[in-house]
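Modelling step: build the complete structure from the supplied sequences, incorporating the hints.
Each protein sequence line maps, in turn, to chains A and B. Okay, so the first sequence: first residue is 17 according to the numbering used here, each after it adds one. Okay, so the second sequence: first residue is 17 according to the numbering used here, each after it adds one.
Just so you know, the hints here were simulated from the structure itself, not pulled from any lab data. Everything hinted at is true.
No copy is singled out in the list; a pair is fine if it fits within one copy or between any two copies.
Simulated crosslink set (DSSO-like; lysine-lysine; CA at most 27 Å straight-line): (1) K167 with K133; (2) K95 with K73; (3) K300 with K431; (4) K153 with K63.
Just so it is clear, the structure is predicted and the values come from calculations on it, not from any experiment.
Letter by letter, the chains look like this.
Protein chains: 2
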Amino acid sequence: MKNKNMTEQFINDVGFEGYTFIEGGVCAAKGFKAAGVNAHIKANSQKNDMALIYCDKICNAAALYTQNKVKGAPIVVTKRHLADGRAQAVIVNSGNANTCNSNGIEIAEGACELTAKALDISSENVIVASTGVIGQKLSLEPFEKNIPILKEKLSENGYNDACTAIMTTDTRQKQFAVEFKLGDKVCRLGGMSKGSGMINPNMATMLAFITTDVKISSEMLHSALKQINAITYNMVSVDGDTSTNDMVTLLSSGYADNNEITEFNEDYNIFIYALHAVMMNLAKETARDGEGASKLITCVVKNADTEETAKATALSVVNSPLLKTAVSAADANWGRVMCAIGYADADFDVSRVSVDFASKAGEVRVCENGVGVDFSEDEAYKILSEEEVIIIIDLHSGDNPAVAWGCDLTYDYVKINAEYRS
Amino acid sequence: MKNKNMTEQFINDVGFEGYTFIEGGVCAAKGFKAAGVNAHIKANSQKNDMALIYCDKICNAAALYTQNKVKGAPIVVTKRHLADGRAQAVIVNSGNANTCNSNGIEIAEGACELTAKALDISSENVIVASTGVIGQKLSLEPFEKNIPILKEKLSENGYNDACTAIMTTDTRQKQFAVEFKLGDKVCRLGGMSKGSGMINPNMATMLAFITTDVKISSEMLHSALKQINAITYNMVSVDGDTSTNDMVTLLSSGYADNNEITEFNEDYNIFIYALHAVMMNLAKETARDGEGASKLITCVVKNADTEETAKATALSVVNSPLLKTAVSAADANWGRVMCAIGYADADFDVSRVSVDFASKAGEVRVCENGVGVDFSEDEAYKILSEEEVIIIIDLHSGDNPAVAWGCDLTYDYVKINAEYRS
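Okay, structure coming up:
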C-alpha cells in the first residue's frame, strides 16, 4: 500500500466494516488516563487551559511537527524527547504558545520536569505542547501549581476535561475513537484535537493527541502517522496560515496484546484504517469549526494525472478567499472555482475540466469542458445553503483523486482575529 | 543594471529628481486619446464600463499576462495580437471577464474587429481586455453599439472617463503620469489601472494600461516592463487570489523624438525610473484600495541573503489573513509576523530576525533576535492606527531588500465578495 495513492485507497475501498465508533476520546485505548484544569494561563479565562495525558507504561510514540521555520519551544523540546520513539505522558496548555520567548526552552523543559516529578517517570518521556498567543512570556508557576492537581484528577473519564483544555477559538470539542479487531484481540484508537485558525497544510497545524492500545513498533507507528496525516490533516485549510506550534502525536500502549506490528502487513492495513477513521474525522471537524465558519467545504478532485495535481487543486480551491466568501453567501460563483484551479501549482487541460456543486439538497453541474453550462440559480442556491457543501472537480486527465476540507469565510473570521490577544 | 537587485537599486538610489508628476493619466503622453462610456454590460450599473484608448500612429507595445492557467479569452487574443510588438488601440470592458465562455474568443476577436473598423486600423493592432464575473455570457451587442460612441468621444481629456470605466469594486481612480527628459527632449509616461480583489503576485493580477511617447524598441519596452513589474505589481497582494484576466500593457508612440532606446544604456535607466514611478504608485494604490481595506500595509524586508528570500518573506507577511486582521484592529500581534515569516518559502536564521512597526506616528521595535522585546502597547496601537502602516523586518543575513504592499482584512472584504455577482 505504500506507494499507492492513499486517497484512492480510502475512497474506493472504504472498508470501515469492523470499525465501531465509541466514546472515550484520548482515554478510549487501554492504559490511558487524562485530566484538564483551568490554570489561568490567560487572565479571565473561564475554561480549562491545561491538560495531562498519562499511560501507566512507557509507550511507543511518533509525532509530526509544523513545517513553519519559526517553531515554538515545545516543538523543539518534544522533538528531542521523542528521538527514541518512546513517551509516557503529555503536558499541554492553551492560552500561550511559548514561542519567540527568550526563555521558551527553559519553560518547556521545566514543564516536562514538573510533570515527570509528579508522575514519577522520566522527563525524557514527557511530550510538551502549547497553543495560543506567540511572543508572550510564560512562567513555570501555573505548571508548578496545577500539575499536581492534574495528577490527582487523572481518570479514564478525563477525556472531556482534557479536550476542553486544548481549545482556543474552537467552538466545540473534537474527539473520536474507534474499536476494531486484530486477530481475536479487541483494539482501540482514539484522539482529540484543537485548531480553528492558523490552519493550513504542511502538517496538521493544530494540536492532536492520539492514543491506541495496539502493539506496534515506533517505526511502524511513525509510518502510519505520516501516511494518514498526508490525506487528512494535511488536506485541511482554514486560512492559509501555517502555525508555529502544532503537532500531532500518536502513542501506543500495546495493551491490546495483538501480534506486534513490525512490518507492512494485513494488520498494519487494518490499523491505518482505524487511524484514518479518527484522523479524517478530526480533520473534518477542524475545518467545519474554522474560525467564523458557517459551512464545511469539501473539495473532491477526480481524475488528475498525478496525486500531487489532485491535492494541489483541491487545496487551492478550499483556500481561495474569494470562493470561501461566495460559499458563505450560497452564491454559485463557479468562476472562482475555475480561477483557483487555474492558479494551483498543477498541470491540467482547462478544456477538460468539469465542476459540480453538491450537498444533501442535490447536485448541479455548473461547468463542463472548461466553460459554463446553463443551470438553475435557485437550485444551486439551495445546494450551497446547506451546512456541508461539496465541490466536485473532474480534471478528466488521469485517475488520481484527492479530497481537501475547508470552510467559508465570514464576518466572524475577521471579528475573531482582529483582537485575538485581548 | 540588469542583474542587480532591482529593489535595492530603487531604495538606495531613489533618483527621482527630474521626474515631475503631472495630470493626464493614460493621455499624458503625446499621441494618446481615451474615452469611457456606460455600455450597460452589467445590468443596473450606473458607471462607465467600456473604455477605448487610441494612438494616432502604430505604437511599439509590450504586455505581461496573468500566470493563472485558466485564462480569459481577451488574454489569448491580446497575446496573439501583440506577437509582433505593435499596437494602436485598447478596447476594455468591466462587468464581465469573458472567461470560461464557449464563445469567448469569438467575442474578444469581434470586439477588436469592431474597434478596428471604427478607427480604420488593423484588428491585429487592437488590444482587448475584460474584467468582471467569470463564466457569464457576453455578447457583441454592447460593443457594436458603444464603440462608435467611444470613437466620437476620444479626447486627450478622456483619461478620467476611461479610468472610471475599468473600475469594478475599486472605490477610486488609479492613475499617475510623469514628465522627464531624455537629452533635451521632454518625455511623458502615464497610466491607469484597476484591481481591488483577486490581487496576488504572479503578475499584476489587475488591468493596467501605460502609455509613453518615448521612442523605444518593442524589445526594450518588454524588458523594462518585466523589470519594473517584478518589483511593483508582482509585490502587491490583496487576497492571494490570482485572477484569470489580468494584464499590464505598455505602448510607446515615439512622439518625444528622443534617440530611440534600443539597448541597456543611460536613457534606458532614466526611462525605467519613470516607469517605476508610475507603476509603483499604481501598485501601491491598488493595495490601499484592496477590497474592504482601511489601511495600506507596506512590508520592508532588509538584509536577506537573496532577493528571492527578501521577496518571499515580504509577500508572506502582507498575505497573512491573521496579520491582516490584526492590523485592521491596530493590534500589535507581532507573533503573526514571525509566523508568516516562518512559513515563507525562504531560508533564514530565526534567531537573527528583528521586527519593527512604523507609521507617521512613530516606530517601535517589537522583536529582536527572534524573541519579543518589551514595548509600549499604547505606542504600538497609535502607530498601527494610521492609514499607512509599515512592517520592517531585518533578517540580518545578507544585503538584499524587498518591499511588498498589501492591506488589512476587514468585515467589508467579506461583504463585498459574498455576493459579488448579484
